[in-house]
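Protein chains in written order, with our numbering: chain V, 1 to 303; chain H, 304 to 653.
Quick caveat, the hints were computed from the structure, so don't treat them as lab data.
A hint or two may mislead.
[Said to hold, decoys possible] One-sided and incomplete, this derived list gives chain V residues near chain H with beta-carbon spacing under 7 Å: (1) Val117; (2) Phe207; (3) Gly208; (4) Arg298.
[Stated by the list, open to error] A short list of chain V residues far from chain H (calculated; beta carbon distances all over 12 Å): (5) Val163; (6) Lys198; (7) Leu201; (8) Ser209; (9) Gln213; (10) Val218; (11) Pro221; (12) Gly269.
[As the list claims (entries may be wrong)] With a straight-line Cα cutoff of 30 Å, these simulated DSSO-like cross-link-like pairs (lysine-lysine) come out: (13) H/Lys442 <-> V/Lys214; (14) V/Lys292 <-> H/Lys442; (15) V/Lys214 <-> H/Lys446; (16) H/Lys402 <-> H/Lys442; (17) H/Lys442 <-> V/Lys87; (18) V/Lys214 <-> H/Lys335; (19) V/Lys292 <-> H/Lys425; (20) V/Lys214 <-> H/Lys602; (21) H/Lys440 <-> V/Lys214; (22) H/Lys425 <-> V/Lys198; (23) H/Lys446 <-> V/Lys292; (24) H/Lys516 <-> H/Lys446; (25) H/Lys402 <-> H/Lys425; (26) V/Lys198 <-> H/Lys411; (27) V/Lys198 <-> H/Lys516; (28) V/Lys138 <-> V/Lys198; (29) H/Lys516 <-> H/Lys402; (30) H/Lys402 <-> V/Lys138; (31) H/Lys602 <-> V/Lys198; (32) V/Lys198 <-> H/Lys335.
Don't be surprised by glycine CBs; every beta carbon is placed ideally from N, CA and C.
The primary structure of each chain is shown beneath.
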Amino acid sequence: MASLFNGLPDWLVEFPQLAGRDLRHMSRTIDQEYRAFSRAWGDAIENFFRPLLDFLLWFENLLIQTPWWIVLAVVVAIVWFASRSVKITIGTFIALILIGVFGMWEDTMRTLSIITVCTLLSIVIGMPIGIAMSRSNKLQAAINPILDVMQTMPSFVYLIPIVMLLGIGLIPGLLVVVIYAMPPIIRLTNLGIRLVDKEVLEAANAFGSSGWQKLVEVQLPLSLPTIMAGINQTIMMALAMVVVASLIGVRGLGQPVLQAITNQYFTQGVLNGLAIVAIAIIFDRTSQAYGKRLQRHREASHG
Amino acid sequence: MAEPAIKVRNLYKIFGRRDREMVEKVKEGVSKSELLADHSHVLGLRDINIDMPEASIQVVMGLSGSGKSTLIRHLNRLIEPSAGEVIVHGEDVLQMSEKALREFRRHKISMVFQRFALLPHKTVIDNVAYGLHVMGKSKAEQKTGAMRWIERVGLAGYEDNYPAQLSGGMQQRVGLARALATDADILLMDEAFSALDPLIRTDMQSVLLDLQKELAKTIVFITHDLDEALRLGDKIAILRDGEIVQQGTAQEIVLDPADEYISSFVREVNRGRVIQAETIMDTPPPPGPPAENSIRVEKGTVLEEVARRMTEQDRDQAHVVNGSGEPIGTLTMRSVMAGMATPVLKDAIE
Ligand SMILES: Nc1ncnc2c1ncn2[C@@H]1O[C@H](COP(=O)(O)OP(=O)(O)O)[C@@H](O)[C@H]1O
Ligand SMILES: [Mg+2]
Numbered sequence: 001m002a003s004l005f006n007g008l009p010d011w012l013v014e015f016p017q018l019a020g021r022d023l024r025h026m027s028r029t030i031d032q033e034y035r036a037f038s039r040a041w042g043d044a045i046e047n048f049f050r051p052l053l054d055f056l057l058w059f060e061n062l063l064i065q066t067p068w069w070i071v072l073a074v075v076v077a078i079v080w081f082a083s084r085s086v087k088i089t090i091g092t093f094i095a096l097i098l099i100g101v102f103g104m105w106e107d108t109m110r111t112l113s114i115i116t117v118c119t120l121l122s123i124v125i126g127m128p129i130g131i132a133m134s135r136s137n138k139l140q141a142a143i144n145p146i147l148d149v150m151q152t153m154p155s156f157v158y159l160i161p162i163v164m165l166l167g168i169g170l171i172p173g174l175l176v177v178v179i180y181a182m183p184p185i186i187r188l189t190n191l192g193i194r195l196v197d198k199e200v201l202e203a204a205n206a207f208g209s210s211g212w213q214k215l216v217e218v219q220l221p222l223s224l225p226t227i228m229a230g231i232n233q234t235i236m237m238a239l240a241m242v243v244v245a246s247l248i249g250v251r252g253l254g255q256p257v258l259q260a261i262t263n264q265y266f267t268q269g270v271l272n273g274l275a276i277v278a279i280a281i282i283f284d285r286t287s288q289a290y291g292k293r294l295q296r297h298r299e300a301s302h303g
Numbered sequence: 304m305a306e307p308a309i310k311v312r313n314l315y316k317i318f319g320r321r322d323r324e325m326v327e328k329v330k331e332g333v334s335k336s337e338l339l340a341d342h343s344h345v346l347g348l349r350d351i352n353i354d355m356p357e358a359s360i361q362v363v364m365g366l367s368g369s370g371k372s373t374l375i376r377h378l379n380r381l382i383e384p385s386a387g388e389v390i391v392h393g394e395d396v397l398q399m400s401e402k403a404l405r406e407f408r409r410h411k412i413s414m415v416f417q418r419f420a421l422l423p424h425k426t427v428i429d430n431v432a433y434g435l436h437v438m439g440k441s442k443a444e445q446k447t448g449a450m451r452w453i454e455r456v457g458l459a460g461y462e463d464n465y466p467a468q469l470s471g472g473m474q475q476r477v478g479l480a481r482a483l484a485t486d487a488d489i490l491l492m493d494e495a496f497s498a499l500d501p502l503i504r505t506d507m508q509s510v511l512l513d514l515q516k517e518l519a520k521t522i523v524f525i526t527h528d529l530d531e532a533l534r535l536g537d538k539i540a541i542l543r544d545g546e547i548v549q550q551g552t553a554q555e556i557v558l559d560p561a562d563e564y565i566s567s568f569v570r571e572v573n574r575g576r577v578i579q580a581e582t583i584m585d586t587p588p589p590p591g592p593p594a595e596n597s598i599r600v601e602k603g604t605v606l607e608e609v610a611r612r613m614t615e616q617d618r619d620q621a622h623v624v625n626g627s628g629e630p631i632g633t634l635t636m637r638s639v640m641a642g643m644a645t646p647v648l649k650d651a652i653e
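Chain H on its own, in the form it takes in the complex:
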């Protein structure tokens, strides 16, 4: 596998004045509540290790207070760790001088915020151009750079408005354009869509996925919403009380939740949108060409899509093909439905 874009190693964060000492206590096994009760220090993160792959979306999911914002702020060092390493493209962020860190933030990594964090006294175009302005680019470069992204996120015509004149969804488009305008390879998004209405949120998720197809950035996306995590994440890490409790693809997490805590989330998930055809197909496929009445689906297609096509074409069999078009397994309507059902329902059907 290729070298990950971001590597986090043994990262600890404890809030309080004697945080370094407290790291030792936490390593010895002191819990978050004991640390608070006996030592008046807040455990933010405990022994975090993640490899975030290049050019894909890494989601970090967890309930409010689980340490998501704390973790993402270590990646551009808005927060100093108590112990550990953060390696971005081979460079240790925590060893950077103040000047190197500024250059790193200007060119290599940018960020989108939950409550947008736009500059209220600047127009949309000046907000989007902010990163370029900080870099010291000329007025003309700022303008062309900003306009390109304003158009790309669908805000053309609003460039002279102030943020307060825009709806929440539009404001976050400005936030996204501002982050993209610096051409940084890495994009940090801290609950970027959580403040938006459900419909607008889905809309913004589509905008992000579209952009990602074209730009192939390394995106770190924070959310407390499992559906959002499953829709966006190429890889997902689940955080609880400052610790990572499971890492894997959406499918891995849904099919094999690591503990009761995660199962309780996963129960409510629309599995049809997560589980892929090859996961539940019967193998090996029968020898010879596929049956006459069987439809063909590509590897990686989610079950909901398979079911939709089978229903549309009024068939109840399908065969899954790999990248080069060879059949690798078969599905029936019944197995697809069973795969989509939640575990409780599944028992009933089978």
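Same shape as in the complex, but just chain V:
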């Protein structure tokens, strides 16, 4: 090849990249600036997240210290009342029993607790963002690329600044999970509200509804199926991050998997992996059945 292009100027043969020295200088400067920033602000940011950490720890302890049969009964009851499906409820019961029998109860509780908190956090932050996006095309155009980056940037990359800033532990783990899991709820809230029947919205306007009345009485209820699909995806993505989060010290089902990888413990890896799958299926089926039940009024009961 090279011979073919002999005689061409250098910069057409080799990509004219920055000199190695300049690149190193640039990286070092940025890193130093960021380190200075994290030294100056790390504590403040940690304090800011303190209440969240306390809540997370309290919830985790609650799940672990409550006798297993009470937790089991409560989870099965929640699944039953949300889904009203015998199949899903019995499946949940069997899965939890097996998890306990194979010694994964405590780790499962930890994972359940962080997934629950991450999902709630994603909803509380993500839904208002989605609502704001649905009201302004400019905002939508500005936020969409950010969401693309959040979803496609390898999570290991944003582990670095987060760990530099907050060290290792539950809060940085939580942030990593939330960053990864929040885009679907934002996107689908935005989409759901934009898809609300124009004529129904016009009717709400014609009766003199205020902006808030329109949101609460029309837009949110009518976009609920789409928003529920977003919540469902958010939960699934949060679960997918359990192993990655364990890299920075989040305990739960991810850690034994990580251990299994480094030590080649095949059985341990598979068992914990299956426990994650079981939780995912429970969350998924229950939230979908619940979403369907909310939509019963859409079905014509007769003629």
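Got chain V sorted already, so can you dock chain H with the ligands onto it with the hints?
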């Protein structure tokens, strides 16, 4: 004549970003197709002027795309005009602040939609109560207010159903009850019955006429169906390509269509249900009391009804009387039949 409830003055609507500039072009005579081809703006309405009388039904009729929905949405300002005025009960709707406009929509004007536009996640009673809910009325007031209208439109027993569980005709009864429940004086109906089957549609027209006898609202009724227009309208305005081509009573339009376009509609109309006895009677009536074998019909009776009575009583003469019972003209079976026939047939008979 009394002050009209709604006055529309020099109203223009052009869809597109530079609509105000385009108004000038349209005033200079640029046509709808030229505006679209040369300036990429859609002409919605051109120089609309209508007086809509208090306590009567104003029909706006036109083919699909003629601008009916655009016009009716200006009356409660769901659409902002490019130029012009909309005066409702003396107040310019287009000058209202956002808050004033909300109050206006809550209390003064309500609307029924072509595809019902009910809230699918709310029960019938909650749908009907929606306007009252928006006003901030108490739960109890909402309930009694809504129940009254649910019963009035014949839906008692269905109040806890969801809209999807009802037939189209029943859903539109909910839409009607929702609009009536706010006690607004003005009722806007955008092709409210067009989505219904013909029989149900006639049924709903009767429901509306019954209600109107009792409530005497100012109703603006949009339709693309001439028979519906003639049956319901105290006054009719005909719209084509965003312009009003004729305004008048049903009779005026049927007897004297303004142009070829309207004549082509009117040809198919059942004239017997539109034309009134006094329009075709022979005047003045012969002096002295009416003939022995002549039946008596009141002024305003339509020809079909006159013919029915004459046939039933086996007479072939009638005399028309005014409000105080004095004869004002005479009819024969022959003149009634001629009046009912379409213009083409009429030539043949005469
Ligand atoms: N938002 C809009 N943007 C552009 N054109 C519109 C818009 N709304 C209506 N139009 C156009 O205005 C004309 C009248 O529409 P419309 O009032 O809906 O008619 P109708 O109700 O009589 O069927 C049509 O040519 C339609 O395409
Ligand atoms: Mg229309």
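Structure-based check of each hint:
For V/Val117, the suggested interface contact is broken, since its CB lies about 29 Å from the closest CB of chain H, more than 7 Å. Look at V/Phe207: its Cβ gets to within about 5 Å of chain H, closer than 7 Å, so that hint holds up. Annotation: V/Gly208 was flagged as interfacial toward chain H, and the flag holds, the nearest CB pair being 4 Å apart, inside 7 Å. Proximity of V/Arg298 to chain H holds as hinted, the smallest CB-CB distance being about 6 Å (cut-off 7 Å).
The beta carbon of V/Val163 is kept farther than 12 Å from every beta carbon of chain H, the shortest such distance being approximately 45 Å. Not every Cβ of chain H is farther than 12 Å from the Cβ of V/Lys198; the closest lies at roughly 9 Å, contradicting the non-interface assignment. Distance check on V/Leu201: its Cβ comes as close as 9 Å (rounded) to a Cβ of chain H, failing to clear the 12 Å threshold; non-interface status is violated. V/Ser209, annotated as away from the interface, has a beta carbon of chain H within 12 Å; the closest lies near 5 Å.
With a least beta-carbon separation of about 6 Å from chain H, V/Gln213 fails to lie farther than 12 Å from that chain, contradicting its non-interface assignment. With a cut of 12 Å on Cβ distances, V/Val218 falls inside the contact zone with chain H, its closest approach being about 7 Å. Residue placement check: V/Pro221 does not keep its beta carbon more than 12 Å from all beta carbons of chain H (closest about 5 Å). Chain H leaves V/Gly269 outside its interface by the beta-carbon criterion, the shortest separation being 46 Å against a cut-off of 12 Å.
Taking the CA atoms of H/Lys442 and V/Lys214, the gap is about 19 Å. The hint holds against a cut of 30 Å. For the proposed pair V/Lys292 and H/Lys442, the alpha carbon gap of about 29 Å is at most 30 Å, so the pair holds. For the suggested pair V/Lys214 and H/Lys446, the alpha carbons sit about 21 Å apart, so the restraint of at most 30 Å is met. Restraint check: the Cα-Cα separation between H/Lys402 and H/Lys442 comes to about 24 Å, which is no more than 30 Å; the hinted pair holds.
With a C-alpha separation of about 40 Å, the suggested pairing of H/Lys442 with V/Lys87 is violated against the 30 Å cut-off. Proposed proximity of V/Lys214 and H/Lys335 is contradicted: the alpha carbons are some 35 Å apart, above 30 Å. For the suggested pair V/Lys292 and H/Lys425, the alpha carbons sit about 16 Å apart, so the restraint of at most 30 Å is met. With a C-alpha separation of about 50 Å, the suggested pair V/Lys214 and H/Lys602 falls outside the 30 Å cut-off, and the hint is violated.
For the suggested pair H/Lys440 and V/Lys214, the alpha carbons sit about 17 Å apart, so the restraint of at most 30 Å is met. Restraint check for H/Lys425 and V/Lys198: satisfied, since their Cα atoms lie roughly 17 Å apart, inside the 30 Å limit. The hinted pair formed by H/Lys446 and V/Lys292 meets the criterion: a straight-line CA distance of about 29 Å does not exceed 30 Å. At most 30 Å may separate the alpha-carbon atoms for a hinted pair to count; H/Lys516 and H/Lys446 meet this at roughly 25 Å.
With a C-alpha separation of about 26 Å, the suggested pairing of H/Lys402 with H/Lys425 holds against the 30 Å cut-off. In summary, the hint linking V/Lys198 to H/Lys411 is supported, as the alpha carbons are separated by about 23 Å, within the 30 Å threshold. With a CA separation close to 33 Å, the supplied pair V/Lys198 and H/Lys516 exceeds the 30 Å bound. Between the alpha carbons of V/Lys138 and V/Lys198 the distance comes to roughly 20 Å, so the proposed pair stays at or under 30 Å and holds.
Between H/Lys516 and H/Lys402 the alpha-carbon distance is near 33 Å, which puts this suggested pair outside the 30 Å criterion. Of the supplied pair hints, the one linking H/Lys402 and V/Lys138 holds, its CA atoms being roughly 26 Å apart against a limit of 30 Å. A C-alpha spacing of about 47 Å is found between H/Lys602 and V/Lys198, which places the hinted pair above 30 Å, so the restraint is violated. The hinted pair formed by V/Lys198 and H/Lys335 meets the criterion: a straight-line CA distance of about 26 Å does not exceed 30 Å.
Hint check: violations occur at hints 1, 6, 7, 8, 9, 10, 11, 17, 18, 20, 27, 29 and 31; the rest are consistent with the structure.
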